[in-house]
Structures are given as C-alpha cells and as structure tokens.
Amino acid sequence: MPPLLLWQGNYLIYTEENMIDRNLLRNTDWILIGILLLNSILGVAFIYSSSHYLPGNYYVKQIFWIVLSSIALFLFLSIDYDTLVTYSFYLYLVLIGILGGILIFGTPIAGAKSWFKFPFFNVQPSEVAKIMIILLIAHVFAKFRRDYLSMGKGFLGVAIIAVPGFLVALQPDLGTAFSYVPILLAALFLAGLNRKTIIGILIFGLILGIFGWNFALKDYQKKRLTALISPGQDPLGSGYHILQSKIAIGSGGFLGKGFGKGTQSQLRFLPARHTDFVFSVIGEEFGFMGVVLIMLSYSLLLWRLFQSIGHSRDRTGVYIIFMVAIMIAFQFLINLMMIIGLFPIAGIPLPLFSYGGSSLLTTYLGIALVLNVKMRRFANV
Amino acid sequence: MKNNKIYEDLILVLRRSKKIFILIQVLTVFLLLNFWKIQVLDYKKYWEQSEANRMREIVLPSQRGLIKDRGETILADNKASFKVSIIRENCEDYDKSCRKISRLLKIEEDVLKERIKKYESFPIFKPIVVKENLSFEEVAVIEARKLEFPELFLQAEPKRFYPFGNLAAHALGYIQELSGEEIKNGLYQQRRLGDLIGKTGVEKVYEATLVGTDGEALEIVDSMGRSKGEIAKRDPEKGQNLILTLDYALQEKAEELLEGREGAVVMMDPQTGEILALASYPTFDPNKFIDRFTPEEWLDLVTSPEFPLENRAIRGQYAPGSIFKLVIDLGALELGLVDEKTVFTCKGEIEIYNEPFACWVKEGHGEMNLIQGIRNSCNIYHYQVGKKMGIEEISRYAKMLGFGARTGIDLPGEKIGLVPDPQWKREVRKERWQPGETISVSIGQGPLLVTPIQVAIYTSIIANRGRKVTPHLLNSKSQIGNKIFTEINTVEIEPSTFETIIQGMWEVVNRGGTGWAANVKGFDICGKTGSTQLISTEKYEEKKEEEEEEETKTHSWFTGFAPRDNPKIVVTVLVEYGGMGGATAAPLARQLFNLYRRKYD
Chain A
0 MPPLLLWQGN
10 YLIYTEENMI
20 DRNLLRNTDW
30 ILIGILLLNS
40 ILGVAFIYSS
50 SHYLPGNYYV
60 KQIFWIVLSS
70 IALFLFLSID
80 YDTLVTYSFY
90 LYLVLIGILG
100 GILIFGTPIA
110 GAKSWFKFPF
120 FNVQPSEVAK
130 IMIILLIAHV
140 FAKFRRDYLS
150 MGKGFLGVAI
160 IAVPGFLVAL
170 QPDLGTAFSY
180 VPILLAALFL
190 AGLNRKTIIG
200 ILIFGLILGI
210 FGWNFALKDY
220 QKKRLTALIS
230 PGQDPLGSGY
240 HILQSKIAIG
250 SGGFLGKGFG
260 KGTQSQLRFL
270 PARHTDFVFS
280 VIGEEFGFMG
290 VVLIMLSYSL
300 LLWRLFQSIG
310 HSRDRTGVYI
320 IFMVAIMIAF
330 QFLINLMMII
340 GLFPIAGIPL
350 PLFSYGGSSL
360 LTTYLGIALV
370 LNVKMRRFAN
380 V
Chain B
0 MKNNKIYEDL
10 ILVLRRSKKI
20 FILIQVLTVF
30 LLLNFWKIQV
40 LDYKKYWEQS
50 EANRMREIVL
60 PSQRGLIKDR
70 GETILADNKA
80 SFKVSIIREN
90 CEDYDKSCRK
100 ISRLLKIEED
110 VLKERIKKYE
120 SFPIFKPIVV
130 KENLSFEEVA
140 VIEARKLEFP
150 ELFLQAEPKR
160 FYPFGNLAAH
170 ALGYIQELSG
180 EEIKNGLYQQ
190 RRLGDLIGKT
200 GVEKVYEATL
210 VGTDGEALEI
220 VDSMGRSKGE
230 IAKRDPEKGQ
240 NLILTLDYAL
250 QEKAEELLEG
260 REGAVVMMDP
270 QTGEILALAS
280 YPTFDPNKFI
290 DRFTPEEWLD
300 LVTSPEFPLE
310 NRAIRGQYAP
320 GSIFKLVIDL
330 GALELGLVDE
340 KTVFTCKGEI
350 EIYNEPFACW
360 VKEGHGEMNL
370 IQGIRNSCNI
380 YHYQVGKKMG
390 IEEISRYAKM
400 LGFGARTGID
410 LPGEKIGLVP
420 DPQWKREVRK
430 ERWQPGETIS
440 VSIGQGPLLV
450 TPIQVAIYTS
460 IIANRGRKVT
470 PHLLNSKSQI
480 GNKIFTEINT
490 VEIEPSTFET
500 IIQGMWEVVN
510 RGGTGWAANV
520 KGFDICGKTG
530 STQLISTEKY
540 EEKKEEEEEE
550 ETKTHSWFTG
560 FAPRDNPKIV
570 VTVLVEYGGM
580 GGATAAPLAR
590 QLFNLYRRKY
600 D
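Chains as they are written, first to last, in numbering that gives the first Met the number 0: chain A, 0 to 380; chain B, 0 to 600.
Misleading hints may appear alongside valid ones.
As the list claims (entries may be wrong) - Listed next, the in silico DSSO-like pairs over lysine-lysine satisfying Cα-Cα at most 30 Å (straight line):
(1) K116(B) / K232(B)
(2) K195(A) / K232(B)
(3) K17(B) / K195(A)
(4) K18(B) / K260(A)
(5) K260(A) / K17(B)
(6) K142(A) / K414(B)
(7) K18(B) / K152(A)
Read the hints as simulated data drawn from the structure, not as lab findings.
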C-alpha cells in the first residue's frame, strides 16, 4: 500500500508507519472477535446436525467460508474507515455496475439471478452490497449536523437504497432487497425523525405496499403473506413450511431431543434445514434451553455492537457501527419471527448460523467495520 | 486543535441509538416468550403432531394432451396403467424389504436397489416408482398382500398410448423419463425426476402445451401406511390437446408405400405450408419407449444400422440429383443467360474443362430447347446452362429457393443440408474450387446436400410462382399460436420465369417425360424426377468405396405438385437405393396424388 498522508489543518495526522501502530492492535476489540467466532462455531455445529446426511458437505464449506471471511476481516482492518468512506461513492457505483451486470449476464440458480459464479463457490453481490450501502449512507449522513432530518437528506437516503434494492428485487430476491430498508431506517432514525417525517414515511410505505401487492409481488410471494395469516389453510403450499417448522420447534420441548436426533428435521419434513430454518433445528434438538442459550449468545454479540457505538471518534463512526448493528439485529429478529410464523417467509437468513458464504462474509465485513472504527478512536487525539 | 473530533457532540445520536437497542431487547424477550409458548406450553400438541407426522405425499399424475390429425382422429391417446411404488419410511428393514419386493414383483434385487438409489434425494415418505405397466395379475397379487407390504403403494396413472403404433411416429415423437442431467441443465424447471417428457417430434416441440399440471395430495398415514385422512389435495390439470395438419389416410398410405424400403415422403399444402403427411421409413413403435425403465428394445433401435429413429424427412441429407436442375434453369432464365428457345445438342457425352461428362442416355437426346431439356432431364443441356451461370449464381439461387437453410418446420433437429460455393470449399475442405465441380453441381451432384422437406419447400415455391411458406404440423384449429406460421416471403424471381419452368415440369409428367409414371389423368401434375448417388456427408467416404463395386446404388427422387394452376398439394418422395427416380419414386407419388385427389378434389 502506498504511503498514505492525511492532513488535518496544519498537522500531519498519521502515516503508513503508525497505521500498523501497536496502539491499533491494543485498541482492537478482541472480545467482539471472540463473540463472533463463538457464534460462528455454534453455527457450524447446527449446520452439521441438519445437513450431514445430504450430499454437499455444507459444514465443511461453512468452515471454509469462516476462514476466508476472517482473512477478509483482517485485511479490511488495515484500511482506515475514513478512506473507505471517502471513496464510498465509487464503491457504490461499482456495486450498481455489478448488480446490473448479473441481471444481464448472470445465469439463474434456483430461478434467481443473484449469483456470481466462481470455480469452487458462488457469491451473492446483493449480500455484500449492504457494506457499500452502509459506507455511502455514513458518508452522506455524517455531514448532517442538524437535530432533525431534512426532507432532502431523507430522500437522498431513500435513493441510495432504492437503486440497488430495485436491481436486487428484479433478480428476483425480494427478501434481500427488503433487508436494505432497516439500514436506511437506522440512519434516518439516528439523524432524527420528527413526527411529520414518521407519518410521511408511513404513508410512503403504505403506497409502496399497495403498489407492490398489485404490481410487483409474484404469486408465490403473495401466498406466503396470506399463509402467515392462516397457515392451516394451505398446509401443502406456503403454510407447509411454517407448520413444519413450528411442529419441529414445539416437539423439541424444554430440553430438546438431543444433538442429531431431531426427528422432524432428520426426517426431512423441514425445508431449508441448514439455511433459513436452521434455528428450527436448534429448537427441536436442544429445546427451549437451547433456544435461550443461543439467543443469549446472539444478544451478547448485539450488546457488544451497540456498546461500541460510544467508542467512536466521529459521527461517521457512530453511523457505521449503528447501521452494522441494526443490519445484524434485523436479520436475527426477522429470521426468528419467520420460523415461528410471525413474519412471511422472505428468505432472510440468520447471520452466522444459516449456511451461506455471502451472508457470512457480509456479517464479517460489517463487524470488521465496527472494529475498524473502534481501533482508530484515538487516532487523531 | 480547532477541529478535534473527539469533542464532537455525539450525545444526541448516542441517546437515539440506545433507544433502538432497548427496542431490540424488548423484541428479543417477546420472541423468547413466543418460543416459551410453542415449546413449553403447547409442547404436548406439537409433540403429538410430530408423532403423527408420518405423511405421504402422492403425486396425482395429470393427463397429457391428446394429439389429433386434421380430421380429429386421435394419434396420441392416454390409457390407464398401474404402477407400484416403495415408501422407504414404511420399511421396517430396508434390505429385507427389498429382498421381499424383488421376489413379489420379480425384479432383480440389484436393479431394484439401483432404481431406488436414483431417487435418494426424495424425502423418505415420498413414493418411488419401482414397477409400472403392471398386469392385472400383478395388481391383484399386490392388492391381496397389502398388509404384508405396508411399504408398497399401488396407483393408477394415465399413460401415453399411440393407437396406431408406428403411424407418424417420427412426426409425433415419443416420451421418456426426464433424466437427471436434463434437470441439472435447467431446461425443465417445473419438472421432477421421474416425470415423462417429450423427447422428440411434436411431443417435444409442444411439450409445454401438452403437459398438464400434476396434482398433489398430502395424507397422514399411520406406521402401517394406512391413510388417516387427507390434509390437502390439489387436483391435476389436464394438458391441452393438439390438432395437427396431418391427414391420417395420406400418412397411412405414405408409410404403406415406403414399407420395406428406406426413404421419406412429404406431402404439403403449398399455399399454407400445412404438412399433410410426413413419413420416414424404417420406423418404430413409440409405445415401446413410454417406460421409466430403459428397455432393451430401445437400445436395439438406437444402435440399428438402418437408423429407424432418424426422421429422414427432415434429417436425412441427400444429393438432390436432377430435381436440382430446375434451380439452374430458373436462375439462368432470370439472369437472361438462356431463354425458352436456347438450343443445345446432346450427343451422350461432352468434354468440358478437359474432362468428359456423360448424359444418362448413352446415345444422346439430340437437339433440344429448355423445356425439352427439362422433360428429358438431359445432363448435357444442364451442364452448359450451369457453366454459363457459374457456381456463385447457382449457389445464390439455390439458397433463394430454400436450400442450405432450415425450413423452420415445427420439429426438433432439422438439418440444413449444404449448398457449396468456392468460399465453403476454401474454409471447410481447404481446397480450391475446381471448375469441373460446377458442372457436377449443375445436375445436382457434387457436395450438394438437401433434405426432403427442403425439396418440398422448393417445389412449393415453384408451384406458388415465388411465394415461400413455412412448413408446419400444428393446425391453426389448435388453440395455441394461430399466427405462428402465417409469415410468407416472396422470392425475387419473375412469375413468368416460373411459368416456363412449370411448363417443363408439366411435360415431364404429361408429355412422356422422365416422370410419366406419376401421371394421374385430369389432375395436371407437374413434377421432376431425380436419381442420385450419395447420402449424407458422414457416409460420403464409405459409400464412395462401395459404389465402385456396385454402381446400381442410386437414390430415387420425385417431387411435384398439382394441379398446375392454383396448386393444392406438393408431393416429395425419396427412396434410398431405389434406382431411377422415374421408375421408383414417381409411381409412389402417383398413388399419393391419386389418393389426395379422391379425398379432397
């Protein structure tokens, strides 16, 4: 990397030499990294339990992804987040180019053009997109110094997620497109929402919803929404997944059936056992106790993330950490609601637990951003 | 430091983020309470459901659409058939079950296990077909021993049935089990392993129309496999019927005439492109393929040296021989190189470019004009016309008249044939074009290759005085795609030029020309015969050697249309190794013209 000189007023703040300063290492949040790895390893265990009899060696692949993502995480730490934020608009443009590109040139996998094919694995740019979105929103919103959000900034924010969101929805992958929304909402909330703006957003959302239901949603997506209201009505179709998931979880009871002994998940009644429904396997095999423990371990991660928000040198850092925390928290909450039928099956994975390289990589990169902000909090004092 | 960020006021944003964190904690607790309700309070209910959760998912097979001829005679039907499946979940001991079933159904145990292994990825409660087309005795045996075999599941399904067996087998095609590879290739996204799909012919081209939507039923069953009630059911939907342009009687006649030979017949309405008969011989019985298990008969057919599965009418590539002479005449007339009165003399042999070229009549035809040249199919006459034209113009007119390109018929795998020119020879054979080759091409020999369907289209262009249609099997009476085949192009040749050629073709049949044997009194048939030596390029070298030993191996062509004015039918006949076109193909064509006239005129 070329020597990086950043000038702040008349003072030279840091150069390449002190970028790998011992201070940075000392300020790295090793506890957060520890919690991250703990959850990742628990994830592998459940992926193993739910898919070891399937061809494909998913748990081995997940380990491979953890190693790869860890390397990516440490590489990401070596670049000051300020630099990333400065160039965020260009990163964003590259992202739009890629998302547009796969729509045109991509080969569909399971009916959706979401993937970039590599010799040994596939990557979903729509997942990694979240990082680019976070950086650009942080860039735009950190400069905003008023107590409440202005209309202009609000719409700029909407535009930032609307473009990639639209491209991803076309793939079609509505679930992932939908998961960009909370990132924006987080930023808007942080910038300050007064009552008028909240009402404005709600009306806009309602119009979008009505429009979406009538024009954009495909039949299977509508079915999922109606199945949510009454899963028993069409148990063979969309209600089937919810019903099977609830039976698996409920039959686990207080203590569960034991590792690898979940009859429902092992008997393959449960769909997408190692991906979106992996938490149902946890519920069945480890019972309520297991659910409590995993939720605790997950909450620990979220707590550490939220607690990091104060450890930032500037608003940019605050925005970044907050959006990463919301990104993970949102998927966690929605996934859990989904598997017990409180939310439509939208294909939103449980970060670190659901099998899937792109989601894992995105989570790691997000946490790398948090670590990045934290370790440089004294950089310019 | 005036811009020191550590003093930036972050209190407001920090307070806001804290609020959100509290909200998330509340939601987490709310979720935990939900889990408490499901796992602890409702535990018994879900536990019972999980115990009763022995489900059986049954596919209720849909019925494939029927295929009918233009008179609505059913060419592809469905009939009831029984199949038996294994449900692995109900096996007490899988290996023991397999042994018992193999004895009961008289299938080898290895074959049975291999079969089941193919569908390993199915959920354990899903039936896997192990034997089908059961006889009534077998059905009775299985039904009687039902309690002994809770893992067996008997079911009726509608099955494809071709009531006339071989009839129009090449046009109809056949159906077979979808292979794992085809699923992987993503061609049939809605289909499952084990589904039967159209593999060729109309069955393949109109697969999406013909196929119905399978229904599904989900039953709760006890450990003995007895149904405790249906949870859900979706009825199967029937596939859409197809009406073809084929005429049962003409098709049957065409196949009857070809019997015992190798060859092809195409009958087409020149004005619309509707195919009335499309026969290829030898043929096969598609009923024998509709099986989930590859039978030996199938392998026999695939490997047979006579290629019964090949649809010669659209995939057989042959030298056109003398029927190609009309291309030369049309081109030369249009270019003004010759006219009706141009006279050449045939002495039985001629030397061009220092090479001797012979006519098929040793003693020669003597002096003659263009029309007589066509009537007698004189080689010497056409060598000289072709020489005047040159290979580039010959190739341009051949392509204009439909050779060297797919006709666009609604059947899979159509071949394009070959129209040679110097560029082709440079690129493919890496050799220079020899002037002598132009002379061979002038009488339809040389590297030229055409398919019978192309010849039929070529004939229809002449019959229509320049209008070119797309041949098709789908009747416009069918509800799908009425307008698909209505596109008509016009060839850039003057109608008067066609009239001259048609006069020649008329004399071929009605004035004692080479095609006299095709004559049907009062039907004004116009036609052209051809006798040729080569088949496809793949066999080219091999055949060449054989020819040196046996010179009699000629293919026999006849193509023609009737009546002369306002033509209604084109008949193209090809008989492999049939000898002279006038002797073999023309009499067959006569019978087809005759039958058509009796039925439609």
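Taking the hints in turn, this is what the structure says about them:
no., hint, in the structure
1, K116(B) / K232(B), "holds (28 Å)"
2, K195(A) / K232(B), "violated (50 Å)"
3, K17(B) / K195(A), "holds (22 Å)"
4, K18(B) / K260(A), "violated (41 Å)"
5, K260(A) / K17(B), "violated (41 Å)"
6, K142(A) / K414(B), "violated (67 Å)"
7, K18(B) / K152(A), "holds (22 Å)"
Violated hints for the displayed structure, listed by number in ascending order: 2, 4, 5, 6.
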